[in-house]
Amino acid sequence: MTRARNMPSLVTTLLAVITTAFFSWSLLVSSTAEATALTYNVGAHERACFYAWADVPKKKLAFYFAVQSGGSFDIDVDVRDPNQKQMLSLEKERQGDFVFTANEIGEYSFCFSNDMSTFAEKVVDFEITVENEKRASSLTQEEKDKSRGPQAQTDAMDESLFRLTGELARIDRMQKHFRTRENRNFSTVISTESRIFWFSLVESGLIVAMAMVQVYVVRTFFSGSRRTHV
Amino acid sequence: MAINVTRWSICLLVLLSILPSVFGLYFYLEGSEQKCFTEELPKETMVTGEYTAEEWSEEHNKFIHNKEVGIEVIVDELPSGNRIHSQKLSPKGQFKFTSAESGQHAICIFTSTAGWFSSTKIRLNLDLAIRDIMDDATEASEGTLSELAQRVRDLNHKVGDIRREQSYLRDHEREFRDKSEATNGHTVTWTIVQLVVLAITCAWQMRHLRGFFEARKMI
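Chains as they are written, first to last, in the numbering used here: chain A, 1 to 230; chain B, 231 to 449.
Simulated from the structure, these hints should not be mistaken for laboratory data.
As the structure is a prediction and not an experimental result, all values here were calculated from the model.
Warning: the hint list may mix true and false statements.
As the list claims (entries may be wrong) - Within a straight-line C-alpha distance of at most 16 Å, the following computed EDC-like cross-link-like pairs (lysine to aspartate or glutamate) qualify:
1. Lys388(B) - Asp172(A)
2. Lys292(B) - Glu107(A)
3. Lys60(A) - Glu131(A)
4. Lys273(B) - Asp401(B)
5. Lys176(A) - Glu269(B)
6. Lys176(A) - Glu377(B)
7. Lys409(B) - Asp172(A)
8. Lys388(B) - Glu127(A)
Isolated chain B, as found in the complex:
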């Protein structure tokens, strides 16, 4: 009985130690591979990313937390290619940046310690939040939150996300409407251009043929 309990608890401990540090979405980075994510951001919005990086260790045969691993994050504005944020970070932590212009941004993450030929495999847990997480930290420090308060806070964040998405859709729809009307105008423009070309060609053809036949004295 005692041996079974020991075995069970040791199994549980081993299982817990190989679990990802944060339950959530994760992916693997091989060597100096870069993974990029795009986000549509409004002007001057703060984005916080929380991540945990673990390195595959051959001797332990599992993913371990290695302090030597360096993670680098770069953020580019997509249409112009401007780099608005570049940061080298420790294996576990968070990064923040503020978008300057509204538009598509590419957030790229890769390991900065891996050389060209190294075969380190990194497991990266990532959570991106388009808001300032500092607010959560300052409020939480005022005392442990009850679960209901935490859920209300999560709902507030979700409503903020919905509002942001709505204003993005509104701007995008305005652009779409402008483009639709421009295309409609161009249909008329190019048809008129075609008619003009047709008329000119007709006139030239008639004139040329008349000249040709008059020269041959057939008209």
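Just chain A, with the same shape it has in the complex:
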């Protein structure tokens, strides 16, 4: 009797252990942060959406975007949580750098919308990072044995690696900022060149036209029926 009752509970316990082990293994194996940086061309009146999955609550989602070229270098942004509630809504923004705390498990959507342009395509550079919490002890027991050093050294290395990662991320952001500005400057210079050319042409045309009009007017003053008025 006792045996029959213990069997189902054994199975369920085993199942629970397997699922927990699989879940924790996947957490342990995943890196500290997963970032994907892409550059996408949003056509006129197009709405392009990209998604990130938060499997555990309280994960941090970092979202960076910058319009690299097109029109007045701005775009509409819409970020929604798994319940379709709006977390962030921006209109005509040039660039942004945000960090959200993902309170719910599910699919978070990041949408770019180019409704304001009739024909201008916008090139948007964006990066979505899913950051895990920094774990208190990030080494398993075997790795601690393998490292063959005192615990203090490993901790110090861990700390400096973490700082290095942070500093490199800042350098990366700064570079992206410069790239965006540089693209804008380039676009301004091209526009200046084109303006100089066309305005010079139009002005020359106007000078010639005005000269001809003046000559014509003076001729009409001194000829025909108006001779008496001179």
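Got chain A sorted already, so can you dock chain B onto it with the hints?
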């Protein structure tokens, strides 16, 4: 108690099965829709893209891994429109290509199995890396890496990305400087052209009017 544990673990299993296969950025492709990404690549650089494609299945009411799905990747050099890479792939894997020239490249991904009217919805996880991932695989096979070594490797890759971005910025800035100086030169050129046109028009006007008045015996 046992029933609660069972329910909880079954829920967890169901949740895990509907999760995207790779945690990261993903997007949806409807039918034969194409999604294109642009990348500025230096000359002869290898780019590796890892992806996982899942198809929406009506009977299971979730995204499943379907071996019949074919994903096609095409890479074009943007200014010239040359197609430098075209490949048909299985639903999960990686693709690699090497850029021939430095410049903008468009990497487009779409399903090759969908016909004109099919309404398959594909969820595509994508990760693009501008380096050769083969290096990681060969190093990893020499033994399981400790997490610290993995982090140092990630830092090395990041430094490589920063260096590449720096050299792109340097080349681009050189182009920008040339264009600025050309524009400056053109300002002077076109102003001189305008002055010449003005002078010619003045001379013509004076000559024409003098001829006109002399004909009328007013001068």
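Taking the hints in turn, this is what the structure says about them:
1. For the hint pairing Lys388(B) with Asp172(A), the CA-to-CA distance comes to about 8 Å; that is within 16 Å, so the pair holds.
2. The hinted pair formed by Lys292(B) and Glu107(A) meets the criterion: a straight-line CA distance of about 14 Å does not exceed 16 Å.
3. Proximity of Lys60(A) to Glu131(A) is assessed by CA-CA distance (about 5 Å); at most 16 Å being required, the pair is judged to hold.
4. Simply put, Lys273(B) and Asp401(B) have alpha-carbon atoms about 12 Å apart, close enough for the 16 Å limit, and the pair holds.
5. Distance check on the hinted pair: Lys176(A) and Glu269(B) sit about 13 Å apart at the alpha-carbon level, within 16 Å; holds.
6. Between Lys176(A) and Glu377(B) the alpha-carbon distance is near 28 Å, which puts this suggested pair outside the 16 Å criterion.
7. As the CA atoms of Lys409(B) and Asp172(A) are separated by approximately 27 Å, the hinted pair breaks the 16 Å bound.
8. The suggested pairing of Lys388(B) with Glu127(A) holds, with an alpha-carbon distance near 14 Å, which does not exceed 16 Å.
Checked against the numbered hints given earlier, the structure breaks hints 6, 7 and satisfies all the rest.
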